[in-house]
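Enquirer: All chains should be modelled from the sequences, with the hints used to inform the complete structure.
Its first residue numbered 50, the sequence shown is counted upward by one per residue in this note's numbering.
Hint data in this document are derived by calculation from the structure and do not stem from the laboratory. Nothing false has been slipped in among the hints.
Ranges between beta-carbon positions, derived for each pair:
hint : residue 1 : residue 2 : range
1    : R95       : A135      : 14 to 24 Å
2    : S127      : R95       : 16 to 26 Å
3    : L164      : R95       : 28 to 38 Å
4    : R94       : V163      : 27 to 37 Å
5    : L134      : R81       : 10 to 20 Å
6    : E85       : A111      : 16 to 26 Å
7    : L164      : A140      : 31 to 41 Å
8    : V163      : D107      : 20 to 30 Å
9    : V71       : Q144      : 35 to 45 Å
10   : A111      : T154      : 17 to 27 Å
11   : V163      : D96       : 32 to 42 Å
Where a beta carbon is used, it is the ideal one built from N, C-alpha and C, also for glycine.
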Amino acid sequence: MGCGTSNCGSCRGCGGCRREIVLTPPEAALLRRLGEVAFLPVARRRDGETPVYLEEADYSPAECGEALAWLQLKGLVSLDYHLPLANFDYAAYGQELLHGSAALTAAGQEAVEVLELQGMR
50 MGCGTSNCGS CRGCGGCRRE IVLTPPEAAL LRRLGEVAFL PVARRRDGET PVYLEEADYS
110 PAECGEALAW LQLKGLVSLD YHLPLANFDY AAYGQELLHG SAALTAAGQE AVEVLELQGM
170 R
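Expert: As structure tokens, then:
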């Protein structure tokens, strides 16, 4: 069942229809970062789905990739591998990866605003 339906299964992190979202520290850090800048550079393997993000100093690329994947599943972030950032040097990501960008969705923007007002519990 999809989130928000009458038979919501309360998927990982959703909290059910109570509109509560559970975030890991890397997820919260990436949401806050996207609240500061409009877009982040991402990449992924051509045959994979896991995002790669190398710009976060506090978390490993694996932690950031997993966090971005979950943020996308929670509907808070949009990942687009057809829209790489203009004027960003993707050299550290390598030529074999698809280059793209990450941005907040409307729900993600709302979550950032709640984080700024209420903080995390």
